[in-house]
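Asker: Going down the list, the sequences are from chains A and B.
Sequential numbering of the first sequence, starting at 1, is according to UniProt numbering.
Sequential numbering of the second sequence, starting at 1, is according to UniProt numbering.
Derived from the structure by calculation, the hints contain no laboratory data.
Please note: incorrect hints may appear among the correct ones.
What the hints assert, rightly or not - For the chain B half of the interface with chain A, some residues (derived, Cβ under 10 Å), not all of them:
id, residue
1, Leu-43
2, Tyr-52
3, Leu-54
4, Arg-56
5, Ala-126
6, Ile-134
7, Val-140
8, Pro-201
9, Ala-279
10, Gly-295
11, Val-303
12, Ala-311
What the hints assert, rightly or not - Here are the in silico distance ranges between beta carbons for each label pair:
id, chain 1, residue 1, chain 2, residue 2, range
13, B, Pro-239, A, His-76, 53 to 59 Å
14, B, Gln-289, A, Leu-92, 31 to 37 Å
15, B, Gln-289, A, Ser-187, 44 to 50 Å
16, A, Leu-92, B, Trp-98, 42 to 48 Å
17, B, Trp-98, A, Ser-243, 32 to 38 Å
18, A, Gln-206, B, Leu-37, 17 to 23 Å
19, B, Ala-95, A, Thr-33, 47 to 53 Å
20, B, Gly-128, A, Val-221, 27 to 33 Å
21, B, Tyr-165, A, Arg-30, 34 to 40 Å
22, B, Val-79, A, Pro-218, 49 to 55 Å
23, B, Val-101, A, Ser-203, 54 to 60 Å
Stated by the list, open to error - DSSO-like cross-link-like pairs, simulated, lysine-lysine; straight-line CA separation at most 30 Å:
id, chain 1, residue 1, chain 2, residue 2
24, B, Lys-169, A, Lys-75
25, A, Lys-246, A, Lys-87
26, B, Lys-319, B, Lys-216
27, A, Lys-87, A, Lys-75
28, B, Lys-242, B, Lys-216
29, A, Lys-124, B, Lys-319
It should be emphasised that the depicted structure is a prediction, and the values quoted were computed from it without experimental measurement.
C-beta atoms are modelled at their ideal positions from N, C-alpha and C, and glycine is treated no differently.
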Amino acid sequence: MVATTPGAPAVRTRSRRRVDEGVITVGRSRAATIAANTTGIVFSILMLFPIYWVLNTAFKPADEVLALTPTFWPKHPTFDNFLSAVKAPLFLQDMLNGLIITLLAVAGSLVVGFLAALAIARFKFYGRRGIILVILAVQLVPFIALLIPLFLMLQSVSLTNSLIGVSITYLVLILPYTVWTLRGFISGIPRELDEAALIDGCSRGQVFWRIILPLTGPGLVATSVFGFIQAWNEFIIINTLNSPEKQNLMAWLLQNQTTRGTAWGPLMAGAIITSIPVVIFFLIIQRNIATGLTAGAVKG
Amino acid sequence: MPVVESTTRRTGGSTPHRAPGRATRPRRRQTSGLPWLLSLPALLLLAGILGYPLVRMVELSFQNMRLRELISGRPAPWVGLDNYTKVLSDTDFWAVVWRTVAFTVVAVIFTVVVGLGIALLMRRVARGVRLFMIVAMMFVWAMPQLVAAQAFRWITDSDFGVVNYVIDKLPGVDYQNHSWFVNPWQGWSVITTLVVWAGIPFIAITLNAGLTQVPKELVEAATVDGASPWQTLRSITLPILKPLLIIVTTLSVIWDFGLFTQNWVLRDGHPEPQYQTLATYSYTQAFGQSRYSLGSAISVITVLLMLGVMAFYIRQMFKIGEVD
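Put together the whole structure using the sequences plus the hints.
Answerer: See the structure below:
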């Protein structure tokens, strides 16, 4: 999907380009092409502007942040905002909480989800369509709507204001997506591979360990990264269930806003720190998903 | 497919005790409890953390759960349809409903139309420009909702926001210290811009991937036959793209209808009445005013309002064969 694969053969690039241009020029003037390219560039710059402005602000000293005439480049770039964000109360605590919660949720969801995905992808059984329907439907239920009963339920078993309660909630939050995506990856593994292994004398367990699991590897990576992003970005549930010292970085960003008012520099710096893992992960899997999984596996 | 499935199921089901046949025909006759056993943990978790609260939400909406009951732990009294009559006869509630619907319509139209336009544009620009567009959109897509909302809050800040500064530069316009949220029309255009900005990458990139499936021969043939670009788009490209378009549109409807983060953050966690949507309204009733039952009733109504769109989405997923 994305042309980010490094080292793609240059020959292919060139030949495809020629074909591309062939299509573009049919009935299309040079002026139209220039207009299209300009629109594309302007659009991209507009899209990037808010991100650029966050970065710009984060590296400015306080007096430049609150200048009546904003500069489009920090005149005296500084890391002060990052330092004061990290040193702010609860920042590191909430970062650690977020990591623990996210890792627990992703790991749990991966194990549980993989088993369910295996069932849906590899077996025909009564109720299969029903399970698929449930998985698809629960993805659409707005979680905020369930927040009230969830809060009351966790409160009654003393799981509010605990990392465990939120971890379980996040696990379930990312579970439907995990099952659905892994199902796709497992279905992508040709059944002939399973069958060949069975004929060669593998047991069902061996088929799982030696064929399905390794071949789903990239899928597991992509799915867990997506789960990570979802769990890391969540703040409404945790903000409702837990007190500030048991929250994550996103909720910290929200708190920081309401109590401290306009400490824009540190806020933007904190936002960058919080976004970095998500953005990096996102860009990684974007490529991972694009790679064909087992396209050549049958041929050998 | 369903026919095949049901027959295999029946033959398998009639011989539940016979393990043989397994080695020769692996999967087809698999009717043991194994798949259910594999799905069980996931189903239990879904039932416990999603299913039970869903039932409890409906139950709560017929009770009167207030802070008193929450603290004392006493069961909340049943009040029948009281919450629903209260909510449905409340003009504020209806204002929130229409606002949410209007926002959803506007935001979805903008996101899908611009997203489709960008996807089409991506097929026409030079390779380098396309790469630049993809990179820009990937960064926007990767931005956490909360961070994006904070960025927009800062950009539109009345005192030091860069938007005011830039608009103020226009001749004859005074936008110094202009507050974007005094006038709800302006405030909502900021929120809508944020939602559309954040929603475009998903749609444009998905549709662009779909556009690569449109056979070039068809487009070329149409062009040779003298079809205008508009005719080609309407009669060839869009019909092929239709299933994908329906999916991204329904998903956008579902997401935008549940708007919470953007108006919540841009209004500092205390949205004024004219900035409430169904999600924030229900949340404020429950957690701001401890009217848990009233909030639940609003949530139930929200889910019911969305049910049609959800069913449509799921049907579409089955139809295009995402579900085999």
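Asker: Find the hints from earlier in the document that the structure breaks and name them by number, from lowest to highest.
Answerer: Structure breaks no hint.
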